[in-house]
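Single-letter residue listing:
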Amino acid sequence: MRFLLRRLGFYAVAAWVSLTVNFYLPRLMPGDPASAIFARFQGRLRPEEIDSLRKAYGLSDAPLLEQYFTYLRSLSRGEFGISINFFPAQVTDVISTGFTWTLLLAGLATVISFFLGNVLGIIGAWRRNGILDSVAPPLLTFIGAFPYFFLAMIALYFLAFQAGWFPLRHAYSDALSVDWGSLTFIKSVISHMLLPATCIVLASIGGWMLGMRNTMVGILSEDYITMAQAKGLSQQRIMFSYAARNALLPNVTSFGMALGFVLSGSLLTEIIFAYPGLGYLLLQAVRNLDYPLMQGLFLMITFAVLGANLLVDILYVWLDPRTRR
Amino acid sequence: MKLRFPALMLLVIIFTSMLAACGDASTLTPQATQAPSTTAPAATATEAPATGSTDPTAEPTAAATTDTGSTSSDGKVFLTVSDQQQSTWVRNFNPFASDNRWPTAAGIYEPMFIYNIATGKIEPWLATEWAWNSDNTELTFTIRDGVKWSDGEPFSSKDVAYTLNLMKENEKLQGNGRAAMRFVDSVAADGNKVVVKFSEVSTIALYDIGHQMIVPEHIWSKIADPVTFTNETPIATGPFTEIIRFQDQIWELGKNPNYWQAGKPYIDGIRQPAYPSNDAANLATINGENDLASNFIPDVENTYVAKDPENNHYWFPPVNAPVMLLLNTTKAPFDDPNVRKAISMGFDRQQITEIATYSYNGPSDATGLPESFADWKNPEAVAAGDWVNFDVEKANAMLDAAGLTRGADGIRVLPDGTPMAYDINVVSGWTDWVTTDQIIAESLKEIGINATTRTYDFSAWFDKVQKGEFDMSIGWSNNAPTPLQFYRGLMSGETADTPIGEANGDNWHRYGNPKVDELYSQFVKTSDPAEQKKIMNEIQMIFVQEAPAIPIMPNIYWGEYNTKRFTNFPNEENPYVLLSSFAQPDRLILLTNIKPK
Chain D
1 MRFLLRRLGF YAVAAWVSLT VNFYLPRLMP GDPASAIFAR FQGRLRPEEI DSLRKAYGLS
61 DAPLLEQYFT YLRSLSRGEF GISINFFPAQ VTDVISTGFT WTLLLAGLAT VISFFLGNVL
121 GIIGAWRRNG ILDSVAPPLL TFIGAFPYFF LAMIALYFLA FQAGWFPLRH AYSDALSVDW
181 GSLTFIKSVI SHMLLPATCI VLASIGGWML GMRNTMVGIL SEDYITMAQA KGLSQQRIMF
241 SYAARNALLP NVTSFGMALG FVLSGSLLTE IIFAYPGLGY LLLQAVRNLD YPLMQGLFLM
301 ITFAVLGANL LVDILYVWLD PRTRR
Chain H
1 MKLRFPALML LVIIFTSMLA ACGDASTLTP QATQAPSTTA PAATATEAPA TGSTDPTAEP
61 TAAATTDTGS TSSDGKVFLT VSDQQQSTWV RNFNPFASDN RWPTAAGIYE PMFIYNIATG
121 KIEPWLATEW AWNSDNTELT FTIRDGVKWS DGEPFSSKDV AYTLNLMKEN EKLQGNGRAA
181 MRFVDSVAAD GNKVVVKFSE VSTIALYDIG HQMIVPEHIW SKIADPVTFT NETPIATGPF
241 TEIIRFQDQI WELGKNPNYW QAGKPYIDGI RQPAYPSNDA ANLATINGEN DLASNFIPDV
301 ENTYVAKDPE NNHYWFPPVN APVMLLLNTT KAPFDDPNVR KAISMGFDRQ QITEIATYSY
361 NGPSDATGLP ESFADWKNPE AVAAGDWVNF DVEKANAMLD AAGLTRGADG IRVLPDGTPM
421 AYDINVVSGW TDWVTTDQII AESLKEIGIN ATTRTYDFSA WFDKVQKGEF DMSIGWSNNA
481 PTPLQFYRGL MSGETADTPI GEANGDNWHR YGNPKVDELY SQFVKTSDPA EQKKIMNEIQ
541 MIFVQEAPAI PIMPNIYWGE YNTKRFTNFP NEENPYVLLS SFAQPDRLIL LTNIKPK
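These protein sequence lines are chains D and H, in that order.
Here the first sequence stands for residues 1 to 325, numbered as in full-length UniProt numbering.
Here the second sequence stands for residues 1 to 597, numbered as in full-length UniProt numbering.
Treat the hints with care, as some may be off.
[Said to hold, decoys possible] Keeping only pairs whose Cα atoms sit at most 25 Å apart, straight-line, the calculated DSS-like set for lysine-lysine is:
#, chain 1, residue 1, chain 2, residue 2
1, D, Lys55, H, Lys377
2, D, Lys55, H, Lys222
3, H, Lys377, H, Lys222
[As the list claims (entries may be wrong)] Chain D residues, not near chain H, derived (Cβ > 10 Å throughout):
#, residue
4, Ala15
5, Trp16
6, Val17
7, Leu45
8, Ala62
9, Arg127
10, Leu139
11, Phe150
12, Ile154
13, Ala230
14, Glu270
15, Leu299
FYI, nobody ran anything at the bench for these hints, they're computed from the structure.
Note that the structure is a prediction, hence the values are computed from the model and not measured.
Just so you know, even glycine gets a beta-carbon here, dropped at the ideal spot from N, CA and C.
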């Protein structure tokens, strides 16, 4: 319990630090948001209109420290403000347009990749030098070494555009409306998710497998495994409860990180597959110096990372009795 | 043997709870986006117009049609358009905001008249006539009879006066009329006329006021804050006012039931899927899913037209204001017009257009005016502007004469000994600009200038260029119904003295000329076209003599169209309006003339 309390204290400090960084970092970038809007108009807007944009966005000239406290105050009230890039939409409204889709696509893909990778790693280590163990790690590492967007673009071009086996874009058929009760809709969502999710899984599975396999190999040579063998325990029990449970620990830590980065990590997938998630929003927010939207998104990512790590800490306590002090 | 996979089991639990969370969130999202839509009947949202034959799960009706787009199950014909790049749509149809969905200013709301860039003519729209009084202090618009708002209420001169007054009172509202507001004294409705009184004479304000989108007084007078209003169900006079669907990744607009142009529009509606990037949009356009697109497609003949020569067409008229090479005239040696001209002669515009823009445009002449301003062009000024010709020898001679001698390494040095080594700033990712920049940088080495291409993110580039913190930079120039704003943006004394480090809206290279300012004020005080043309001839001559900034090539209005389902698109043979969405409100003319096959 004391362990958990200490962790919670650490997370509170980490959250405050990241809130502060969220505030200051974007403002250190050159340029201002009203000017950035001009990228989309390229001389079509008059100088007079930049002035009125600045006034409308209420860009404050107040000292940064004062703005910082205003920001903390409104955050404590749960207000994220109005997005500049999507003016006059609320940041929360803008984020809600893509949140579900990112969580669904990237979350699911990360979880699948973690499961598959670990299971492959366990089996690979258990049957060392078997076919799986000799073929899968180099192959998956090879695929994972491709620049991610390259893999996705190749898949999109050949499998979706040329062959026509998969939809080219979007999270569900444009002909449908969002209706999670309808089977047609859910089928459409799955078929649209298949290709992007496969790409994410392919790109990341190698790391999981290799990590698991290597730790597992080390653990299999430990004395307590020999002891378990000598006791005549079932092979399955040795493999999972003795070896895998211990070998899983480092991977669980990275899983916490990976889960937290789900929101930011799927950026390229979403852009290539025109998936209506948060990835592109983030890119746009940064490019256009949309401070409120950036703050909203970064805050979400920060809390996702912290939340996932907290979960992992709890999981750790349960998995590894040595941490229960 | 209590738990075989303790860790895995816990993950399963996390995973399922995550899914449950997804379920919750997703049921909330559609409610949030659809709740305010009171006029769009719920049934239409599930009507499911067929789209995407590549979609294996599309319903049987959709899969049965080989057609990739635009016909819905009840036979309605929707024009699928690729515009504004977004990954998800935010519902905003506020004509006073800058991030509204594009039909706001080109389909939903309408202005009093449209200056048609393609033809160079003004087409009356919500107003039928307009006239200045004798001393150009009063502008009177005559409002069209029989126009109705989409809710059936009559449109009147009061709405126009209301809109203009609203803009005048609230400085935060953006729109085409904004630039005119500082000259406007008062606006009043009188019968079917609207009278705009000016506190300062500015005849070019006509275009700004005429292009302002007009909103209904009976709706907007009840809105607490028009600046932050997202106007989710617009009431307007335009051809497409009914929002049939508005989802994260697609929206559809239907016809205005009360549209004033009898029989128009010919199409039932417009549809816009979300494409987050040029590549995603181009893939769909090439696949025949978009009927109209205004994206840059590289090598369009091979990548697009060749796919379906009968239906796939493009029209890229190079009639936008030119891309410029800006030299910071506050710094030596760029304060010397001869040095500027020499630099201009040091690179080959023909080569740039061939490589950077696939020869879709030609090089600019020394006046910088694109072909759309052919009537304004002063032939004498064009002839006098030999500094747009590629001539390394002459450029070298001029630089020698300017006292910039070559150092040991072949690079010229200023009289104080500083070598002529400069960055040419450009926006990263704007590929045609970057290529242009690289060619110029490479060519300038021949005339003893060590130029380097320097790419910046847009914000950083714009910050530097606005504040005058650059030596050389690629930039755009102003485009407006008369060439005046183009020249004013490059030579106005008003903005030339802004200190380096303070932002300038235009005239980033900070060149000022009192003679131009005088001609400018003469121009805006007269409404006589012949007089204006004479003044413009003089301004052009000064531009050519001084070379305050260097025109490279005119910008292009990109436009691709597919004639499988629709006809009567404009093209080179029938250039009645531009295809590009960048030309607003011209698109109103396009959308009311396209016909289903």
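How the hints compare with the structure:
1. D:Lys55 - H:Lys377: violated, 38 Å
2. D:Lys55 - H:Lys222: At roughly 22 Å apart (the allowed maximum being 25 Å), Lys222 (chain H) and Lys55 (chain D) satisfy the hint.
3. H:Lys377 - H:Lys222: Answer violated: Lys377 (chain H) to Lys222 (chain H) is near 48 Å, above 25 Å.
4. Ala15: holds, 21 Å
5. Trp16: Fine: 26 Å to the nearest Cβ keeps Trp16 (chain D) off the interface.
6. Val17: holds, 26 Å
7. Leu45: Incorrect as stated: the minimum Cβ-Cβ distance to chain H is 8 Å, not above 10 Å.
8. Ala62: holds, 18 Å
9. Arg127: holds, 19 Å
10. Leu139: Holds: least Cβ distance 24 Å, greater than 10 Å.
11. Phe150: holds, 13 Å
12. Ile154: The claim stands: Ile154 (chain D) keeps its Cβ more than 10 Å from every Cβ of chain H (closest is about 13 Å).
13. Ala230: holds, 19 Å
14. Glu270: The assertion about Glu270 (chain D) is violated, with a minimum of 6 Å to chain H.
15. Leu299: For Leu299 (chain D), whose nearest Cβ neighbour in chain H is about 17 Å away, the distance exceeds 10 Å, so it holds.
Against the hints set out earlier in the document, violations occur for numbers 1, 3, 7, 14.
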